[in-house]
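With the hints as your guide, set chain B onto chain A.
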Amino acid sequence: MRKKGTAGGLEAVDALEAKALPLSPRSIPSGLRLSIRGRTVHLRGLRRPPAGILRWLAILGPGLIATSAGNDAGGIATYTQAGAKFGYELIWVMLILTVSFAVVQEMCARLGAATGRGLLDLIRERYGIGWALLAVVVILIANGGVTISEFVGIGAAMELLGVSKYIAVPVGAVLIWYLVIYGSYARVEKILLLMTLVFFAYPIAAIMAKPNWMEVARGAFIPTFRADPAYIVLVVGLLGTTITPYIQVFQQSSLVERGVARRHYGPERIDAYAGAIFSNLMSISMIIATAATLYVAGHRDIETASDAACTGARDGQFGEGAVRDWTLRRNPPGGSGLAAGNSLCR
Amino acid sequence: MVMFSQLRRCDITDEQGRHAKLLDLSVALLDSDYPPVTNLFFLNDKNKKHWLPWDQVQKIDLKARRISVQDLKASKRLVAGSLGKDVLLGDGILDALVLDLLNRRATRANDLWLEGDESRLELRSADTGFSGFLRRLSGGRYGRISKSTLYDWKYVEFLRGDPQAVRNGEGYHLRVARLPPGEIARLSDMLPYLHAAELITLLPDAKAVDALEVFSPERQLQVFEELEEKQALALLTLMAPDIAADLVGRLPTKIMRHYLARLPEVQSERLIDLLRYPEDTVGGIMTNDVVSVRANLTVAKAREKLKEPLKTPDFVFIVYVVDNERSRKLRGLISLRNLITADDDQPLEEIMDPYVTTLSPLSSAKEGAYRVIDSHMAALPVVDEEGQLMGLVTVDAAIVQVAPPSWRTQAPRIFS
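Same order as they appear, the protein sequences are chains A and B. With this note's numbering as the guide, the letters of the first sequence map in order to residues 812 to 1157. With this note's numbering as the guide, the letters of the second sequence map in order to residues 2 to 417.
With the rest of the complex left out, here is chain A:
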């Protein structure tokens, strides 16, 4: 640790040669030049957040994780069903949902920054203990269901890769438990952010499926309505799986956890918007991928995501790589499990 020794402490301090004192002259940055009280100074000790692209990357976090957690096993099943059953017809619903989703997410982020409190805290303070309890119970039930579907997803996906679900599910559970209990928020956030990279496989799959882009555009911008109950159920399903309460609770809590204060909220809204847009682009990619393959080939009764993967693979619509991608992709690993844990802890 110590470099060349100095005579400091060995000789009387005033007997030392002036030059002997500094260890190694450093090249120091020029800093911010400011004139204060008529004195021009270079301030190099400012603790500033990173500038440029790094600054925007530093902002991304809660929004991206929260919304990506929405693309879980249940979500994927709904999106693939929408694509397989009705082709590109339901993409317009996703566009409208993106706007609503972004607004809701941004509102929660703003509430978190403006009050420094989580959503459930605010419900309790504003509407009383009864409504807060109702919200907690509803979220617990919804999260219980979501967590079960996540583990079903993990088990099914790992079985496609040849790993028994009796091994995959307990290992997954222990990993998530460890992250929730022992992982610091910053570390968990980094891990989950890294995992959102997996989602880039969706648009790649959509492009590789060679969809008819004119049809995609028509499905996106010309709304169609059908009196078919299956159609209505899927529209409601898309709404339910895209805007889920735990995502809002997680978004607000994580913003509070990050210590974003109201005076610094401005740029943070980008995270909320970016998260909503990114997550729904991935959902739309899923619809396009299944529409371009399963719908076109006439396989329109898909119950789960693994059905989609297996049917596609059997009929050669997805390459072997695509099946592997699919099985991996359908497990945003425990994002909503963490969100569930987080809402419980809050």
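Keep in mind the hints are simulated off the structure, nothing from the lab. Please read these numbers as outputs of a predicted model, since none were measured by experiment. Here a beta-carbon is modelled for each residue, glycine too, at the ideal position from N, C-alpha and C. Careful, some of the hints might be misleading.
[Claimed, not checked] Quick look at which bits of chain A chain B covers, simulated, 3 or more residues with Cβ under 8 Å:
# : region
1 : 842-848
2 : 934-942
3 : 1068-1074
[Claimed, not checked] Residues from chain B that keep clear of chain A, each with C-beta distances beyond 10 Å, as calculated:
# : residue
4 : LYS50
5 : LEU103
6 : GLY162
7 : LEU180
8 : PRO310
9 : ILE400
Same frame as chain A, but now just chain B:
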């Protein structure tokens, strides 16, 4: 003696047989340790919110769930300002964040315990237990009253989550100000940042600054930005220069310049001098509020001279001896103990230690920190190339530098 949740289920009836549903009660928090109930609030027959002073109450019959008053028509309509400084029990205190000072924790009031009778009913304690929660949800059927979860209101600080509340003259017990700064900081960590800012505004400036110095840097900034400019300036003036420089250095440039231009000149110059050093250098972690004395004095004269300078700095255990106040060239050091125990007429040069390990302001902060820790001294002085005393790095600042991130805010800061 009654729980607020039970009282709230009562109807109000008057001598003419009129009925109304009790909505809420207000208390005068400023009045005493146990705030008295001042008014009853209810919906009148036209579904408008009205209030009636507590002195109208004639009888409370909990079994019949009835509060008898003289005349419901004597009530007034609730408009903005009707409450004055009073606080509503149901809408204000119940479910709000409160500080349980006995257990040093932030919690929420699940129910409230009132004591007294028709003539004077007082808020005596807050129920923070699960039974209070259960009692409210079951309409009083379940939820045994347990003394172990009732906290004496005298030791409960009710926070509003509004840093402006103190300026608006809202009432507080202020017992929180009796806690040591570290405990106040730990309490604030359990609170949302607006509550933490409110907590800081409650405290006298000297205590507030001690607590603020212990906060994590992120929390410090959140809280500081919520303070009124006058208080913010007062706290920055009192704050240890190294911590103040770190805080000011995190503010947006415009605001930083604003504060640096308005601080008292001595403190402003200190902060500017510290901000000249990058944060990963010894200069970036040193403090420049150093007690120094001229070498050519006798012990008695030095004691006399140091009376004033010893009053404010955080680090006073070592006095640095310099050749004169202008050039401040370091000659040696004297511990405060030696200075007090030495003979009056001994020259300082005779009792000072001239063999001083020094640090250079531009060497690495980590390296400097290890040298301080290895030296087992409370601090090492920082001198420039000319041997001029620039400041010192205390062992606290050194530990913060080398400790794992999760420890940094927990490491005690005694000397700076």
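Tested hints:
no. : hint      : in the structure
1   : 842-848   : holds (count 5)
2   : 934-942   : holds (count 5)
3   : 1068-1074 : holds (count 3)
4   : LYS50     : holds (17 Å)
5   : LEU103    : holds (23 Å)
6   : GLY162    : violated (7 Å)
7   : LEU180    : holds (22 Å)
8   : PRO310    : holds (21 Å)
9   : ILE400    : holds (15 Å)
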